[in-house]
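Each chain, written out:
There are 2 protein chains.
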Amino acid sequence: MTTTAAAPTTVRSSYDELLRRSKEATILGSACSVLHWDKETYMPPAGGENRAEQLTLLAGIIHDRCVDPAWGELLAKCEASELVKDKSSTEAVNIRELRRMYDRETKLPKRLVEEFVRTSSLSQEAWVTARKESDFSKFQPWLEKLIKLSREKADCWGYEKNPYDALLDEFEPYETCENVTRIFDGLQGELVPIIERIAGAPKRPDKSILTRAYPIEKQQAFCRKAAEAIGFDFQSGRIDTVVHPFCSGMGPGDTRITTRYNERFLNEAFFGTMHETGHALYDMGLPREHYGTPMGSSVSLGIHESQSRMWENFVGRSPAFWRFFLPEAAKAFPEALSGARSEAFLHAVNTVEPSYIRVEADEATYNLHIVLRFELEQAMLSGKLGVKDLPAAWNKRFKELLGIAVPDDRRGCLQDVHWSFGHIGYFATYTLGNLYAAQFYAQAKKDVPGLEDSFAKGDFTPLLGWLRKNIHGQGMRLRAGELIRAVTGRPLSHADLVSHLKAKFEPMYGL
Amino acid sequence: MTTTAAAPTTVRSSYDELLRRSKEATILGSACSVLHWDKETYMPPAGGENRAEQLTLLAGIIHDRCVDPAWGELLAKCEASELVKDKSSTEAVNIRELRRMYDRETKLPKRLVEEFVRTSSLSQEAWVTARKESDFSKFQPWLEKLIKLSREKADCWGYEKNPYDALLDEFEPYETCENVTRIFDGLQGELVPIIERIAGAPKRPDKSILTRAYPIEKQQAFCRKAAEAIGFDFQSGRIDTVVHPFCSGMGPGDTRITTRYNERFLNEAFFGTMHETGHALYDMGLPREHYGTPMGSSVSLGIHESQSRMWENFVGRSPAFWRFFLPEAAKAFPEALSGARSEAFLHAVNTVEPSYIRVEADEATYNLHIVLRFELEQAMLSGKLGVKDLPAAWNKRFKELLGIAVPDDRRGCLQDVHWSFGHIGYFATYTLGNLYAAQFYAQAKKDVPGLEDSFAKGDFTPLLGWLRKNIHGQGMRLRAGELIRAVTGRPLSHADLVSHLKAKFEPMYGL
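These protein sequence lines map, in sequence, to chains A and B. If you're matching positions, the first sequence starts at 0 in numbering that gives the first Met the number 0 and goes up one per residue. If you're matching positions, the second sequence starts at 0 in numbering that gives the first Met the number 0 and goes up one per residue.
If you are wondering where the hints come from, they were derived from the structure by calculation, not from laboratory data. Hints are not guaranteed to be accurate.
Copies of the same chain look alike in the list, so a pair counts if it works inside one copy or between any two.
In silico lysine to any residue, SDA-like type, Cα no more than 25 Å apart, as pairs [unchecked claim]:
1) 22 - 124
2) 38 - 239
3) 131 - 235
4) 22 - 45
5) 137 - 235
6) 137 - 318
7) 503 - 198
8) 131 - 234
9) 224 - 43
10) 206 - 219
11) 137 - 234
12) 22 - 43
13) 22 - 47
14) 444 - 477
15) 160 - 102
16) 456 - 172
17) 217 - 43
18) 22 - 109
In this text, all values refer to a predicted model and were calculated from it rather than measured experimentally.
Use the sequences and the hints to build the structure in full.
Following this line, the structure appears as structure tokens:
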């Protein structure tokens with residue numbers, strides 16, 4: 000029940016009331032984020048059912064508030080005013096995005112919102128079991144239900160050509176399946192020959208250096224050190240251990256990342272932490288004074304992912320980064336790394352080769368994992384692919400794209416948590432993120448002389464400062480496509496990622 | 000916004016709708032419990048402000064739902080029906096307690112509810128700092144505000160003689176200050192001579208056995224073992240480490256306890272864990288089929304505390320318990336306990352002597368700590384004692400009651416978290432809990448032959464079964480005063496606690 004003392008009379012008071020409502024919805028959403036975070040980190044196994052009820056009830060409350068016709072009246076008043084004259088003003092941006100949100104939310108019946116939240120909360124537990132036992136049949140009925148509910152959502156939201164557009168738009172606003180397909184096709188065309196050339200390259204990395212003894216406590220300290228070095232503020236955040244790492248921005252002063260450790264493999268926790276810290280730095284850098292409004296929010300998941308991938312790959316796998324961090328790592332892991340040659344180590348962390356698990360994939364093959372998911376979820380949504388046939392379709396296409404045979408569903412179609420959350424239309428944002436990252440990073444190097452020299456000194460503030468100014472601090476002022484043009488002068492393309500991969504891997508592999 | 004398809008027409012459908020609303024309010028409350036738990040355990044330091052906003056907003060939403068006039072109409076319909084004919088039926092109990100809740104909630108303006116939650120959420124952080132620095136001035140303005148808001152609450156709720164009654168009633172329904180004073184006076188009259196005699200007793204414990212090396216990891220495992228042995232279900236709960244231990248029942252399948260460790264003092268974590276596990280066993284034993292309604296809820300804080308104190312003291316400090324657990328402890332802490340004589344150990348964990356910190360006090364002097372707080376909060380509420388004069392009043396009265404001089408406010412009036420939460424009228428329930436525990440336990444020993452023999456075998460199911468049947472499984476069927484009569488045949492008195500203390504301490508101290 001949203002109570003308002005009196006209907007606002009002036010445009011300014013209407014706008015203020017709109018923001019007040021937006022802030023309240025955001026704060027309620029942030030409470031849900033805490034519940035989600037807890038579900039993944041510390042909730043006892045038997046607590047899942049009650050948690051699903053909590054999340055469902057809160058989703059219904061947020062929905063009720065966001066479809067209140069008062070929103071529509073307030074928006075109409077603001078839209079007819081001077082406030083929207085300058086399209087890039089704070090007011091105009093907030094009004095634009097709140098309109099978008101209101102229009103989308105009002106198209107969904109509450110029943111569907113609640114059913115989606117309850118189903119996805121419970122289905123995630125079914126997925127955990129199915130994955131553990133590598134038994135797709137335990138997840139299949141849940142995925143069928145989620146595909147059906149997603150299709151219902153798409154139909155409610157409406158679309159011009161493709162129901163997938165309506166879902167993609169939730170994660171990557173203003174993006175279309177057609178445009179993503181075009182970009183992905185271009186990327187794939189260049190990527191496959193690069194991967195093939197690397198597969199036959201004369202110089203090979205020795206990965207064994209990464210699978211030596213890396214005691215977990217030392218990894219924790221080392222990951223923490225790296226996160227802090229690149230700018231993570233532990234007064235306003237924390238790192239926990241989970242099975243499926245993620246970052247959760249829960250509002251000002253509270254951004255949490257998670258990771259997982261493998262004592263015989265450094266990459267998992269280390270690059271995972273770099274990745275999630277990249278997300279966290281975006282959340283921590285959003286303009287606090289605009290908290291709870293679009294101007295204090297991130298642009299899209301693709302832009303968000305560009306931040307995580309930039310810190311994970313463009314920074315974290317760079318020679319400059321390890322000039323500073325390898326001596327630190329050797330101190331932390333003397334048994335594994337004392338006397339390690341930096342060139343060998345760098346090549347090991349930059350090994351390119353087909354593998355089963357997306358989150359462990361290298362910078363090049365990673366994007367083929369995304370192409371696979373992007374194709375399959377479109378096929379499931381349109382009904383061309385029955386959910387029961389997913390494992391076979393996955394394995395067949397995986398072999399075509401990556402050239403290796405999937406040994407079991409745990410390392411195949413059950414590996415990712417996303418579909419169990421009902422996140423259909425999400426995966427594409429990962430490769431979009433890689434592309435945005437490459438294009439932003441190329442620009443940052445132009446704008447900031449000596450950028451990578453600073454990494455070698457353990458100083459990451461020049462890059463963070465550039466990101467704060469150009470991306471984090473802008474909130475949703477620009478749409479993703481506008482932002483990339485404004486910052487780099489060009490629309491998004493695969494060119495910079497391809498250049499980056501070639502420049503990095505060709506000399507490394509002796510090509 | 001609570002939506003109902005259509006106004007219920009039959010009595011049964013009105014009752015069902017009432018329960019539906021009660022369940023939803025409970026689920027929302029349980030979401031707040033997660034937020035509170037997280038605040039105490041894992042929230043980053045800078046997250047406090049946003050957390051206060053989350054809690055405030057949710058409190059307002061719950062309040063709005065609970066004062067919806069539809070409740071009143073549904074209640075009136077049920078109250079005029081056959082459903083309330085049998086006063087102890089599930090329906091009559093639910094209607095009785097929901098009426099009580101509705102009447103109390105509707106007396107509070109939303110502004111006060113929200114201000115109270117926001118203030119207490121923020122004031123708790125001020126208290127943490129004040130306590131750490133032993134600087135009362137940093138907490139004083141917050142306590143002043145909370146006393147003022149508490150007084151406002153009492154005035155809204157109304158009372159016959161004493162505004163304190165209105166506050167006490169929130170934590171210990173149907174109890175009055177007059178009755179508590181009468182019981183406490185009786186107890187104090189018997190307690191003081193016992194404590195004095197013990198102070199001059201010929202046999203003295205050697206406490207040094209408890210302050211040897213108790214490695215924290217070993218304590219964690221040992222505490223976990225004990226909690227599991229007495230019935231804590233780790234599928235439905237967990238133990239975390241905090242500065243100020245508590246138990247939080249977050250709904251079915253999710254009951255969490257917290258404790259703190261001191262590597263040179265076994266008692267803190269061990270008896271703390273036994274205490275919180277006692278609370279948890281009550282929550283875990285509530286009838287799940289009645290979750291979200293009074294029949295699935297605990298009776299009062301006094302009855303809740305009777306469960307924690309029973310497991311902490313009546314079980315956890317008993318000779319039978321340690322017949323089983325001392326050999327286990329000696330295995331866990333060989334450095335501290337190998338070759339420890341059981342009589343000496345038992346006397347050490349049953350040391351009676353005045354001390355500063357309530358939660359570390361022994362079974363006898365503990366109640367004087369409560370008398371002190373019970374007196375002081377009444378005085379602050381009535382205005383007889385200004386908040387600024389609290390430290391001096393505390394120290395003076397502490398000396399009178401316990402005979403020792405308080406060294407600083409950290410170990411004086413700043414030691415407890417409760418007042419920072421705005422919990423005025425809460426402390427009395429602790430000594431009520433001791434009294435209820437003694438009386439219940441005496442009855443359990445009568446009802447279950449060989450009760451303590453089972454402890455010596457590490458079997459606690461006979462006691463847990465008795466508690467499940469007589470207390471946990473009953474929900475709110477009976478009011479606290481009715482429950483103690485129904486189970487023990489007598490109203491609450493100090494007799495059984497005094498008998499227990501004498502029977503235990505006289506031989507131990509050679510009196």
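Could you figure out if residue 206 and residue 219 sit no more than 25 Å apart (CA to CA) within one copy, between two copies, both or neither?
Answer is within: at 21 Å inside a copy they meet the 25 Å cutoff, but 38 Å across does not.
From the Cα coordinates, with 25 Å as the cut-off, is the pair residue 22 and residue 47 best called within, between, both, or neither?
Answer is between: at 17 Å across copies they meet the 25 Å cutoff, but 28 Å inside does not.
Since the copies are identical, ignore which copy is meant and state whether residue 22 and residue 43 lie within 25 Å (CA to CA) inside a copy, between copies, both or neither.
between (31 Å within a copy, 21 Å between copies)
Between copies, within a copy, both or neither: which fits residue 131 and residue 234 at Cα up to 25 Å?
between (35 Å within a copy, 18 Å between copies)
From the Cα coordinates, with 25 Å as the cut-off, is the pair residue 137 and residue 235 best called within, between, both, or neither?
between (39 Å within a copy, 23 Å between copies)
Within, between, both or neither: how does the pair residue 137, residue 234 come out at a Cα-Cα threshold of 25 Å?
Answer is between: at 21 Å across copies they meet the 25 Å cutoff, but 41 Å inside does not.
Using 25 Å as the alpha carbon limit, work out where residue 456 and residue 172 are close: within a copy, between copies, both or neither.
neither (38 Å within a copy, 64 Å between copies)
With identical chains, the pair residue 503 and residue 198 could be close in the same copy or across copies; at 25 Å between alpha carbons, which is it: within, between, both, or neither?
Answer is within; shortest intra-copy Cα gap is 15 Å, inter-copy 79 Å.
Have a look at residue 137 and residue 318 and pick one of within, between, both or neither, based on CA distance no larger than 25 Å.
Neither: 45 Å inside a chain and 50 Å across chains, both beyond 25 Å.
Should residue 22 paired with residue 109 be assigned to within, between, both, or neither, using CA atoms and 25 Å as the limit?
Result: close both inside a copy and across copies, 21 Å intra and 19 Å inter.
Intra/inter-copy verdict for residue 22 and residue 45 if alpha-carbon distance must be at most 25 Å:
Answer is between: at 19 Å across copies they meet the 25 Å cutoff, but 33 Å inside does not.
Go through the copies and call it for residue 131 and residue 235: within, between, both or neither, with a Cα cutoff of 25 Å.
Result: close only across copies, 21 Å inter versus 34 Å intra.
The structure is inconsistent with the numbered hints 6 and 16, although it conforms to all the rest.
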